[in-house]
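Protein chains in written order, with the working numbering: chain V, 1 to 151; chain R, 152 to 463.
What the hints contain is simulated information worked out from the structure, not anything from laboratory work. Incorrect hints may appear among the rest.
Said to hold, decoys possible - Computed Cβ-Cβ distance ranges for the label pairs, DEER-style: (1) R/A309 <-> V/R72: 45 to 53 Å; (2) V/A137 <-> R/P268: 37 to 45 Å; (3) R/G264 <-> V/Y69: 27 to 35 Å; (4) V/R72 <-> R/G423: 27 to 35 Å; (5) R/A309 <-> V/C89: 46 to 54 Å.
Note that the coordinates shown come from a computational prediction; the quantities given were computed from them, not determined experimentally. Ideal Cβ positions, reconstructed from N, Cα and C, are used throughout, including at glycine.
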Amino acid sequence: MLGNNQRVSPRTQGTVPHPLRSRAGLGPLEVRLLDILWSRADAATVGDLQQACPALAYTTIMTTLDRLYRKRLLLRQRAGRAFAYRPRCSRDELLSELVSGHVTRLLGASAESHVVLSTLVRAVRDADAALLDELEALVRAERSQLRGRGR
Amino acid sequence: MSAIVLVGLVVLATFGLASMALSGLLALVWRLAARRRADTSLDLLSLRLLPAAGAALLALAVVLPAFLSYEPPREDEAAGPWLWMFAAFAAVCLAHGIWRGARACSAARALLGRCGPAAPGDGPHGHPLHLPQAGEPLAAVIGAWRPRVVVTESVRAACSPEEFSEVLAHEAAHLASGDNLKLLLLTSAPDVLAWTPLGADLLEHWRNAAEREADQRATGADRERRLALASALIKVARLQQGPGEPHAALGMPVAADDVAGRVRGLLAPPAGAVRPAIALALAVCALLLPLIAVPRYALLHELIERLVALGR
């Protein structure tokens, strides 16, 4: 349950996290409910969230949470007859994932369009960890040889 | 048909024909010898640009002056269907080249836009450095006209300060040699090779040569620095492998063998400078061709007239 001190202030309600809205395409209400869930240590039911946002109808919150769940942003579990919701990841993780997704998509498109890009190492096709181990051992051996000469 | 339209058609048609002929010639030469002999990125760049640049040189510095010198001023000459067809083919090649270049620049701009603000002066030689938080491991120079260095936090976190410094030196080498501008030229070269596997093959060879040369320029003969860059390459390759699928989306995928080749190259003593023999030979040909053609303008004009009348 949310205590009075956990109620979302009008200022917080109006502070719409811009990166999330623009990058994830989330609506203001979705961002507001996500913010409340991130501020909580435990999962919250629709009733809990309605206490934090008394101006919102129960069904509005229920629909919005269901939408967030379908967008794979929330996890849910049964809590009696209702569902309790909690975020699938932290706010920072989500932002990082979104940026990463954009970069991946853009670079994915670039494979075809040859974006003007010179990368240090391009995507390694063969997941050859053994080869990389071998190379690392070579570098280590070369380093110790170099240090041995320096002494 | 007005004389100016005819001149335009002749230039375009010559460009189209020469571009096709040079592409065929390049395919043959590449298969027979050049694949093994083209060692430097400049050689590969000049080979890849040969069909378009050679055709442009032939059309503008040989055919155009020959045609203008010998063509009598008249307005009644009609062009045959073949001239129109070759000119249309050249126009399609040019338009598609421009479109590919514009698309590549636009993709680079979009990518930079997503990378967040740059830290001014933190990059190599005082260039702005972008350090996005994105999980994708990326150390790159992005953009052709105003290239920016982008290194994701995951790469910086994985590298030691010495290794990170070499990563920046490698990117600085790309900046200094204008590799992204060259890449833009290669991407937008208006010829038929752009639609063939040979075009992709040449581009891939050039990319690999440019990376090896950037490694060499970044580290010089300093063994400590070469080891630091080799170690950074391995770390970034490992990051790209990740726990699951390799990040095939990061540009064109390369085999792990290529990373191995670069690491082994850095561990070996630095090789001496290789002269770009093919590029030099082609440059000499480009300088001589317009001069050699001057005494043959009459013959050239005769050939052009036959082309204009072909199929009429």
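Taking the beta carbons of V/A137 and R/P268, is their distance inside 37 to 45 Å?
holds, 40 Å
Look at the Cβ atoms of R/G264 and V/Y69 and judge whether their distance stays inside 27 to 35 Å.
holds, 31 Å
CB of R/A309 to CB of V/R72, is that within 45 to 53 Å?
Taking Cβ atoms as reference, R/A309 and V/R72 lie about 28 Å apart, which means the hint is violated.
Please check whether R/A309 and V/C89 have a Cβ separation lying inside 46 to 54 Å.
Since the Cβ atoms of R/A309 and V/C89 sit about 22 Å apart, the hinted range of 46 to 54 Å is violated.
Hint check for R/G423 and V/R72 - Cβ pair distance inside 27 to 35 Å:
violated, 56 Å
Of the hints listed earlier, those the structure fails to meet are numbers 1, 4, 5, in rising order.
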